[in-house]
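My request is simple: use the sequences and hints to build the entire structure.
Given next are the chains, with one letter for each unit.
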Amino acid sequence: MNLQLGRIVLVTLVAAVSLSSCTRQSEEQMPTEQKKHLEVVLRSQDGDYWKTVKMGAEVAAKEFDVTLDFRAPGDEADVKGQIALVEQSISIRPDAIVLAANDYHDLSDVVNQAARANIPVITIDSAVDSKWIRSFIGANNYEAGQLAGKQLVKLIGVSGDIAIVSFKQGERNAEQREQGLLEEITKYPDIKVLDKVYSLTDRDLAGELTRQMIQQYPQLDGIIALNEISSIGVADEIEKLGLQGKVKIITFDSTSDELQLLQEGVIQSTIVQNPFSIGYLGVKNAVDALKGRKIPDRVDTGFRAIDLDNMFWSDNQKLLFPFVK
Amino acid sequence: MGKKIKALFKALYTVLLDTMRVRSIQFTITLSFIFIAVTIMLIVSLVLYNKFSKTAEENAFLNTQQIIEQMQFNLENYIKGMSDTFQVVDAKVAKAHGIPSDRLMEQLNTIAMTREDIVSIDLFTADGQLVTGINNPEMRNNTRLTDQSWFKSALENPNHLTFSLPHIQNLFKEPYKWVVSMSKGVTIQRNGQWVDAVLLVDVNFKTLDDVFRTVSLGKKGYVYIIDESAGNIVYHPQQQLIYIGLKYENVEQALKFSYGKYMDVAEGETRLNVVKTVSNIGWKIIGVSYLDEIVTTRKEISTFMIWLLVIVLFFILLISALMSARITQPIKRLKKSMEMVEKGHFDTYIHVRGADEVEQLSRRFNLMVSRVRELMDQSIHEQEVKRKNELEVLQSQINPHFLYNTLNSVVRMVGSGKNEEVVTTITSLSKFFRISLSKGKNIITVQEEIEHIRNYLIIQKMRYKDKFDYEIEVEEEALPYKTLKLIVQPIVENALYHGIEYMADEGLIQISVKIVHERILFEIRDNGVGMSEETLKTIVNGQGKSAKGSGVGLRNVIERIKLYFGSSYGVTVESELEEGTTVKIWIPKMLEEEV
Numbered sequence: 001m002n003l004q005l006g007r008i009v010l011v012t013l014v015a016a017v018s019l020s021s022c023t024r025q026s027e028e029q030m031p032t033e034q035k036k037h038l039e040v041v042l043r044s045q046d047g048d049y050w051k052t053v054k055m056g057a058e059v060a061a062k063e064f065d066v067t068l069d070f071r072a073p074g075d076e077a078d079v080k081g082q083i084a085l086v087e088q089s090i091s092i093r094p095d096a097i098v099l100a101a102n103d104y105h106d107l108s109d110v111v112n113q114a115a116r117a118n119i120p121v122i123t124i125d126s127a128v129d130s131k132w133i134r135s136f137i138g139a140n141n142y143e144a145g146q147l148a149g150k151q152l153v154k155l156i157g158v159s160g161d162i163a164i165v166s167f168k169q170g171e172r173n174a175e176q177r178e179q180g181l182l183e184e185i186t187k188y189p190d191i192k193v194l195d196k197v198y199s200l201t202d203r204d205l206a207g208e209l210t211r212q213m214i215q216q217y218p219q220l221d222g223i224i225a226l227n228e229i230s231s232i233g234v235a236d237e238i239e240k241l242g243l244q245g246k247v248k249i250i251t252f253d254s255t256s257d258e259l260q261l262l263q264e265g266v267i268q269s270t271i272v273q274n275p276f277s278i279g280y281l282g283v284k285n286a287v288d289a290l291k292g293r294k295i296p297d298r299v300d301t302g303f304r305a306i307d308l309d310n311m312f313w314s315d316n317q318k319l320l321f322p323f324v325k
Numbered sequence: 326m327g328k329k330i331k332a333l334f335k336a337l338y339t340v341l342l343d344t345m346r347v348r349s350i351q352f353t354i355t356l357s358f359i360f361i362a363v364t365i366m367l368i369v370s371l372v373l374y375n376k377f378s379k380t381a382e383e384n385a386f387l388n389t390q391q392i393i394e395q396m397q398f399n400l401e402n403y404i405k406g407m408s409d410t411f412q413v414v415d416a417k418v419a420k421a422h423g424i425p426s427d428r429l430m431e432q433l434n435t436i437a438m439t440r441e442d443i444v445s446i447d448l449f450t451a452d453g454q455l456v457t458g459i460n461n462p463e464m465r466n467n468t469r470l471t472d473q474s475w476f477k478s479a480l481e482n483p484n485h486l487t488f489s490l491p492h493i494q495n496l497f498k499e500p501y502k503w504v505v506s507m508s509k510g511v512t513i514q515r516n517g518q519w520v521d522a523v524l525l526v527d528v529n530f531k532t533l534d535d536v537f538r539t540v541s542l543g544k545k546g547y548v549y550i551i552d553e554s555a556g557n558i559v560y561h562p563q564q565q566l567i568y569i570g571l572k573y574e575n576v577e578q579a580l581k582f583s584y585g586k587y588m589d590v591a592e593g594e595t596r597l598n599v600v601k602t603v604s605n606i607g608w609k610i611i612g613v614s615y616l617d618e619i620v621t622t623r624k625e626i627s628t629f630m631i632w633l634l635v636i637v638l639f640f641i642l643l644i645s646a647l648m649s650a651r652i653t654q655p656i657k658r659l660k661k662s663m664e665m666v667e668k669g670h671f672d673t674y675i676h677v678r679g680a681d682e683v684e685q686l687s688r689r690f691n692l693m694v695s696r697v698r699e700l701m702d703q704s705i706h707e708q709e710v711k712r713k714n715e716l717e718v719l720q721s722q723i724n725p726h727f728l729y730n731t732l733n734s735v736v737r738m739v740g741s742g743k744n745e746e747v748v749t750t751i752t753s754l755s756k757f758f759r760i761s762l763s764k765g766k767n768i769i770t771v772q773e774e775i776e777h778i779r780n781y782l783i784i785q786k787m788r789y790k791d792k793f794d795y796e797i798e799v800e801e802e803a804l805p806y807k808t809l810k811l812i813v814q815p816i817v818e819n820a821l822y823h824g825i826e827y828m829a830d831e832g833l834i835q836i837s838v839k840i841v842h843e844r845i846l847f848e849i850r851d852n853g854v855g856m857s858e859e860t861l862k863t864i865v866n867g868q869g870k871s872a873k874g875s876g877v878g879l880r881n882v883i884e885r886i887k888l889y890f891g892s893s894y895g896v897t898v899e900s901e902l903e904e905g906t907t908v909k910i911w912i913p914k915m916l917e918e919e920v
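Chain order of the listed sequences is A and H. Under my numbering, the first residue of the first sequence carries the number 1, and numbering increases by one thereafter. Under my numbering, the first residue of the second sequence carries the number 326, and numbering increases by one thereafter.
Errors might be hidden in some of the hints.
To give an idea of the interface, some chain H residues facing chain A are shown, with a C-beta separation under 7 Å as derived from the structure [claimed, not checked]:
(1) Arg465
(2) Asn466
(3) Asn467
(4) Ile493
(5) Tyr501
(6) Trp503
(7) Phe530
(8) Lys531
(9) Asp534
(10) Gln565
(11) Tyr568
(12) Ile569
Mimicking DSS-like on lysine-lysine, the simulated pairs with C-alpha atoms at most 27 Å apart in a straight line are [what the hints assert, rightly or not]:
(13) A:Lys62 <-> A:Lys325
(14) A:Lys318 <-> H:Lys498
(15) A:Lys168 <-> A:Lys80
(16) A:Lys325 <-> H:Lys572
(17) H:Lys477 <-> H:Lys417
(18) A:Lys62 <-> H:Lys545
(19) H:Lys477 <-> A:Lys318
Ranges between beta-carbon positions, derived for each pair [said to hold, decoys possible]:
(20) H:Asn575 <-> A:Asp315: 17 to 25 Å
(21) A:Gly242 <-> H:Gln454: 19 to 27 Å
(22) H:Gln454 <-> A:Lys35: 53 to 61 Å
No lab work stands behind these hints, which were simulated from the structure alone. All residues carry an ideal CB built from backbone N, CA and C; glycine is no exception.
The following block contains the structure:
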């Protein structure tokens with residue numbers, strides 16, 4: 001009986017040893033945990049700005065080993081289109097959604113829908129009115145507006161007449177910039193805002209409106225264009241009218257058109273954000289949220305005032321010209 | 326705190342020592358096996374592990390190094406190509422007369438067409454005026470080109486080709502591009518005069534950027550390039566993040582090396598950095614590979630080894646337990662049987678099977694136990710014999726038959742009025758009994774024994790008058806030696822009643838005591854009828870008993886002598902029918918009584 005027992009034990013042990021060595025190998029062959037998938041919905045398919053945001057997001061995706069899908073409507077004014085895209089995203093049940101909203105209010109329903117489906121939502125660049133947002137990553141547009149005001153004073157002095165060219169009524173980022181700007185120039189009672197127009201996404205419209213404004217107020221000292229599209233239209237018109245340098249232009253963002261106009265001296269100053277950082281941190285924070293780590297409610301990616309003097313400094317070069325073409 | 330630790334260590338040490346003192350075979354075997362197995366496994370795994378990780382690390386280094394070398398080679402080739410092109414341009418410009426000229430333009434355009442990556446070839450005056458350039462570009466405003474590093478270093482180092490860091494070219498009304506500028510301070514002939522100028526050839530950085538992007542070292546590894554003068558980053562896959570401040574690359578260490586390798590730690594991960602310098606342009610290539618990617622297999626191996634160790638240990642434990650059990654079980658059974666024997670169960674027999682040694686042990690044990698049993702039985706038997714003999718002696722000390730006969734004789738003597746004979750007889754009887762008793766002692770002197778037999782014979786002579794005669798011869802030296810009492814008298818009695826009684830003639834009993842070597846010899850000779858051999862045997866074995874005798878007999882004497890003095894002493898009997906019998910009694914020569 002002793003012998004039989006011994007034999008059984010021997011066989012069991014040999015089996016155990018060989019089994020353990022097998023499991024090592026099979027563990028290798030088994031697929032590792034499925035990579036997390038993020039849906040990134042941007043404001044527009046066009047524009048260097050969003051291309052840079054995308055680049056930042058992709059760098060983060062490679063670093064943190066997640067997959068991304070990008071969606072965007074035709075332009076930044078297309079709210080309905082963007083809502084539909086977000087709904088599409090929700091339907092494939094991603095691990096998280098990163099959204100740059102085209103409208104502060106209109107996107108809240110679909111964001112809440114995502115939250116109910118247990119999909120965490122991170123907003124970048126443009127905020128959304130919803131309490132289910134995990135975090136907002138972007139520049140403080142109000143403070144950016146303030147900085148624009150400061151630049152204005154540097155350029156025209158403590159007195160002058162200015163006009164504001166905005167994007168779309170109710171567009172949150174533009175409104176915040178405007179508020180910051182107006183708040184800054186209330187310190188200078190001799191600076192007056194003569195006109196405010198909305199150019200939407202139409203460059204030509206911006207140009208047309210500019211021409212009208214110059215006609216109406218030939219004494220204009222400066223124009224603040226609250227976003228990129230309007231700034232090009234304004235600048236082109238000012239150049240056409242031969243008023244570059246006389247009517248100072250301050251704008252936001254750093255598309256290559258704007259930069260050329262900046263070097264040419266048509267645009268005097270631009271307030272730039274950090275789109276690469278926005279894209280990168282958007283994905284990074286989404287990944288952190290999925291890992292269960294605590295993420296801040298607000299990440300301020302900052303902004304900088306760029307003018308002719310500093311645009312070709314080496315670190316500004318990296319910021320303003322992120323792509324090697 | 327320190328005291329507590331010391332106390333703890335001391336306690337552990339004591340426990341360890343105590344454990345080692347436990348001598349259970351099972352424990353010792355198991356412990357030794359485990360110790361050996363663990364030691365061997367540990368040594369083997371450590372050696373393998375070290376060898377493996379060393380090899381893996383070396384391979385990783387070799388791999389990274391090869392990739393970096395390849396990159397360095399490619400980069401050097403490219404840069405050589407670039408500077409060769411520049412030299413051609415330079416030569417053309419130097420030869421040209423009267424710049425700008427169409428001929429020069431044509432030449433420069435041809436050269437520019439040979440390479441896709443040439444963005445522009447231009448010549449500037451020392452104060453930043455464009456003299457000529459391919460494609461007749463329109464210059465932008467506000468270029469501030471005289472402040473740009475390529476311009477300044479060309480003027481500062483004339484006749485020396487300067488490479489710039491990658492930067493945006495903002496000179497012409499063309500889309501902004503990242504370029505690397507090659508510039509040189511030259512002298513040109515212009516309007517008949519030799520003037521200082523700056524020759525600029527801009528090469529699109531995209532070519533290099535594409536090359537750099539494609540290199541990867543493992544999943545997380547990467548390559549980056551810095552300029553050796555100040556450590557400015559030429560290329561880094563995470564350049565943006567570094568500029569934002571989200572990442573940090575320790576370029577200071579890389580600057581220390583012109584080639585070689587070093588390890589560093591970034592964000593908690595150890596990395597291997599391999600450095601190579603690209604000549605001419607003053608750039609360093611650094612290849613970064615993450616050690617944990619190399620080392621994952623190391624971890625797997627160590628995990629496997631630990632599992633193997635655990636399983637083998639378990640295996641060993643079991644085997645050694647089984648083996649030692651097979652050895653110790655029979656021993657334990659043996660022990661139990663011995664305990665039984667100790668308790669007095671001498672009929673224990675062990676049926677033990679097991680290892681050779683154990684079986685032999687048990688067989689020997691059985692033999693020993695039966696031997697003990699034998700000895701015990703023998704002892705008991707001897708005790709019985711002794712007791713019986715002593716009883717007999719005790720009885721013979723009283724000798725009732727002899728007393729009865731002698732008193733009868735005395736009565737007759739008194740009746741006959743033979744008063745002198747009565748006195749002699751009673752005196753002898755008294756002496757006879759006194760020595761018989763000897764105050765209970767068993768050992769008396771030879772003298773006393775002879776006295777005893779003398780008195781006996783005196784009495785018997787009175788009774789049997791002319792029936793026999795006797796002679797007693799004793800060596801004087803033998804007198805003080807000790808002897809067992811009542812060894813001569815029974816023999817003489819036998820001689821009288823068996824030998825002489827049936828004789829017709831007068832019998833003779835001769836008694837002598839001699840010292841022979843170291844022994845004392847009592848010889849009792851009679852010339853009686855003797856015995857046949859068979860009778861002799863019977864007498865010696867004690868199976869015959871005289872009805873008239875005292876009952877003690879020859880056998881008793883023999884046995885007592887053997888008991889007292891051992892088997893080398895005793896009695897011999899020689900007898901011949903019609904001739905007589907000689908009885909020899911041998912005892913040791915002793916002065917001191919031995920128990």
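Problem - chain A contact restraint on Tyr501 of chain H - CB to CB distance below 7 Å - result: Result: holds, 6 Å to nearest chain A Cβ.
Practice task
Measure nothing beyond the straight line between the CA atoms of Lys477 of chain H and Lys318 of chain A; if it is 27 Å or shorter, mark the hint as holding.
Solution key: holds, 22 Å
Practice task
Using Cβ atoms only, decide whether Ile569 of chain H comes closer than 7 Å to chain A, and label the hint accordingly.
Solution key: holds, 5 Å
Practice task
Would you check whether Tyr568 of chain H satisfies its interface hint, that is, whether its CB is within less than 7 Å of any CB in chain A?
Solution key: The hint holds - Tyr568 of chain H has a Cβ within 7 Å of chain A, the shortest such distance being about 5 Å.
Exercise for the section: Would you check the hint for Lys62 of chain A and Lys325 of chain A, treating anything up to 27 Å between C-alpha atoms as holding? Expected result: holds, 21 Å
Problem - Holds or violated: Lys168 of chain A to Lys80 of chain A, with C-alpha atoms at most 27 Å apart - result: Judged against 27 Å, a Cα distance of about 15 Å means the pair holds.
Exercise for the section: Starting from the range 19 to 27 Å, see whether the pair Gly242 of chain A and Gln454 of chain H falls in it by beta-carbon distance. Expected result: holds, 26 Å
Problem - Hint validity - Gln565 of chain H Cβ closer than 7 Å to any chain A Cβ - result: With a minimum Cβ separation of about 5 Å from chain A (threshold 7 Å), the hint on Gln565 of chain H holds.
Problem - Agreement of hint Trp503 of chain H with chain A interface, Cβ distance less than 7 Å - result: holds, 5 Å
Practice task
Please test the hint of 17 to 25 Å on the beta carbon pair from Asn575 of chain H and Asp315 of chain A.
Solution key: For Asp315 of chain A against Asn575 of chain H, whose Cβ atoms are near 18 Å apart, the range 17 to 25 Å holds.
Problem - Satisfaction of hint between Lys545 of chain H and Lys62 of chain A, Cα-Cα up to 27 Å - result: With a Cα-Cα distance of about 9 Å, the restraint between Lys62 of chain A and Lys545 of chain H holds, given a limit of 27 Å.
Problem - Status of the hint placing Asp534 of chain H at chain A (closest C-beta pair under 7 Å) - result: holds, 4 Å
Going through the hint list in order, the structure satisfies each hint without exception.
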